[in-house]
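Quick mapping for you: the protein sequence lines, in order, are chains P and U. Be aware that the first sequence starts at 1, since it is given in the UniProt record's numbering, and climbs by one per residue. Be aware that the second sequence starts at 1, since it is given in the UniProt record's numbering, and climbs by one per residue.
FYI, nobody ran anything at the bench for these hints, they're computed from the structure. It is possible that some hints are incorrect.
The list makes no distinction among identical chains, and a pair is therefore deemed to hold if it is satisfied within one copy or across any two copies.
[Said to hold, decoys possible] Within a straight-line C-alpha distance of at most 30 Å, the following computed DSS-like cross-link-like pairs (lysine-lysine) qualify: (1) Lys123 - Lys163; (2) Lys163 - Lys106; (3) Lys28 - Lys187; (4) Lys163 - Lys196; (5) Lys163 - Lys197; (6) Lys222 - Lys163; (7) Lys187 - Lys123; (8) Lys189 - Lys28; (9) Lys114 - Lys197; (10) Lys254 - Lys163; (11) Lys187 - Lys18; (12) Lys123 - Lys189; (13) Lys187 - Lys114; (14) Lys18 - Lys163; (15) Lys254 - Lys222.
Number of protein chains: 2
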Amino acid sequence: MTIEINTPSSTATLKNPKAHLTGAEVRKLARANLIGDTGGLGHGYVQCNLLIVPARYADDFRRFCQRNPVSCPLVAETAPGDPTVPSHIAADCDIRTDLSGYCVYKDGELVATKTDVLEEWEKDTYVAFLIGCSYSFEHALLDAGITMRHREQGTVVSVYKSKIPLNAAGPFSGAMVVSMRPFKADKVKQVQEITKKYMLAHGEPMLWGDEGTQALGIDINKTDWGQPTNMEDDDIPAYWGCGISPQTAVMDSKVEGTFMAHRGGYMLVTDLRVEDVCA
Amino acid sequence: MTIEINTPSSTATLKNPKAHLTGAEVRKLARANLIGDTGGLGHGYVQCNLLIVPARYADDFRRFCQRNPVSCPLVAETAPGDPTVPSHIAADCDIRTDLSGYCVYKDGELVATKTDVLEEWEKDTYVAFLIGCSYSFEHALLDAGITMRHREQGTVVSVYKSKIPLNAAGPFSGAMVVSMRPFKADKVKQVQEITKKYMLAHGEPMLWGDEGTQALGIDINKTDWGQPTNMEDDDIPAYWGCGISPQTAVMDSKVEGTFMAHRGGYMLVTDLRVEDVCA
Chain P
1 MTIEINTPSS
11 TATLKNPKAH
21 LTGAEVRKLA
31 RANLIGDTGG
41 LGHGYVQCNL
51 LIVPARYADD
61 FRRFCQRNPV
71 SCPLVAETAP
81 GDPTVPSHIA
91 ADCDIRTDLS
101 GYCVYKDGEL
111 VATKTDVLEE
121 WEKDTYVAFL
131 IGCSYSFEHA
141 LLDAGITMRH
151 REQGTVVSVY
161 KSKIPLNAAG
171 PFSGAMVVSM
181 RPFKADKVKQ
191 VQEITKKYML
201 AHGEPMLWGD
211 EGTQALGIDI
221 NKTDWGQPTN
231 MEDDDIPAYW
241 GCGISPQTAV
251 MDSKVEGTFM
261 AHRGGYMLVT
271 DLRVEDVCA
Chain U
1 MTIEINTPSS
11 TATLKNPKAH
21 LTGAEVRKLA
31 RANLIGDTGG
41 LGHGYVQCNL
51 LIVPARYADD
61 FRRFCQRNPV
71 SCPLVAETAP
81 GDPTVPSHIA
91 ADCDIRTDLS
101 GYCVYKDGEL
111 VATKTDVLEE
121 WEKDTYVAFL
131 IGCSYSFEHA
141 LLDAGITMRH
151 REQGTVVSVY
161 KSKIPLNAAG
171 PFSGAMVVSM
181 RPFKADKVKQ
191 VQEITKKYML
201 AHGEPMLWGD
211 EGTQALGIDI
221 NKTDWGQPTN
231 MEDDDIPAYW
241 GCGISPQTAV
251 MDSKVEGTFM
261 AHRGGYMLVT
271 DLRVEDVCA
């Protein structure tokens, strides 16, 4: 495969030679399982969380997303039984193979982690839901000269399961999952202003500071996904909605049947340009 | 004023001769301050919560609603400075006079309760937001033969300020407000099925049962608005989003400036038929 690396237009690319891959190029690498975490890849392309649900649950799950748009911003869904992603979202994309890591849940229990879900797909009629991801706005912060600790430290962003309940819909309920990035006080307003327009990528932080940490009922040093972030004393944590929430809902609700999802951080990178859909 | 009472088509009307008023008729009564609580009035017409914000906050407040659609389902908004409600929502309706009770907030503090806000309207440029209300789906439960305790007991529905944070947007943040109606276990599924389509009226319950009560962090016997509900031992509380949430957000956030809102229960009854907008 030939991959052209364009001239970097942003500081984000300086440390990451794969930052300027297109969405289609990232998907090729993911399909071949040559990459894992997609943070920083496909700079400027919309990245998505995935939840594949038995078609009989599609209406309830769509409504679950609509009732929790900050945690589950709905980007697209597939036709029942059709593994093809709508072509304006991601061309020539097979949802069963084009991520490099999947989690398989049965009756609410994680039963397998796989690199494709071709086998599972045959056992029922499924609908795949693509849900926005906060990876999609990180380039905008970097472009504004706002660095993020997990990028500086080379860690995966800190993710927590909170005590805050999502709004139930049909059989789906569960606790909200959040990602956390710390900033100095003088950046708070700017972070809010920059990220608020990216509503398909969870938008601006939903909670801030120690008050946010308390409301979430979490220990900031104990991540449930990703890695802990080394913080300075005057760092202010900013908490964003996170598209892992649907997976915890599947587990918390113990919904009967087989569900498939992306592996944390191993997102579907689409052909959508972030600036085109979040202006 | 001549008011025609049509033949009752539902059990809801049997106890309430004003159930079959049209939205326009209810507004006339409200304008003349001849009614207060609008529960059970204008059977089948969409009832709305109100928040009037200085125009400079309109974008942030609209986004606040979009990020919290279960608490703040957005039905309509007015043009900046224009007190007229869009005519397809409520014809010949002046938002400053056509509710029978208003609360006025200054810098986050409740400073007055009034029957119109003509005087306040002159002091700034305002945008009025209409937000759906759970009164709009009660007729559907009654039509299905599902009674509600507050209707049986002749009390105002129980409303609580919870410990659950809403998703922040710009200067707006705060704790979620919920309304509660108890049901027997054998009605739970039916209540969920019936109310889920009324997304502009908060849709299906967001939380259920003792687990919900705990997640909300409330004492079910201590209401913050409305009145306590006498419950039987095997009653299961169902919690819905509530459009008083924006008022608590204005207070919790201590947003600078003058804000106006409806008085709890004294809703704007529109010309929209519930079944037309929530099918």
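A quick look at each hint next to the structure:
no. : hint            : in the structure
1   : Lys123 - Lys163 : neither (34 Å within a copy, 42 Å between copies)
2   : Lys163 - Lys106 : within (24 Å within a copy, 33 Å between copies)
3   : Lys28 - Lys187  : neither (37 Å within a copy, 51 Å between copies)
4   : Lys163 - Lys196 : both (24 Å within a copy, 24 Å between copies)
5   : Lys163 - Lys197 : both (27 Å within a copy, 27 Å between copies)
6   : Lys222 - Lys163 : both (14 Å within a copy, 23 Å between copies)
7   : Lys187 - Lys123 : neither (50 Å within a copy, 34 Å between copies)
8   : Lys189 - Lys28  : neither (38 Å within a copy, 45 Å between copies)
9   : Lys114 - Lys197 : neither (34 Å within a copy, 37 Å between copies)
10  : Lys254 - Lys163 : both (18 Å within a copy, 26 Å between copies)
11  : Lys187 - Lys18  : within (27 Å within a copy, 55 Å between copies)
12  : Lys123 - Lys189 : between (49 Å within a copy, 28 Å between copies)
13  : Lys187 - Lys114 : neither (40 Å within a copy, 41 Å between copies)
14  : Lys18 - Lys163  : neither (36 Å within a copy, 43 Å between copies)
15  : Lys254 - Lys222 : within (25 Å within a copy, 32 Å between copies)
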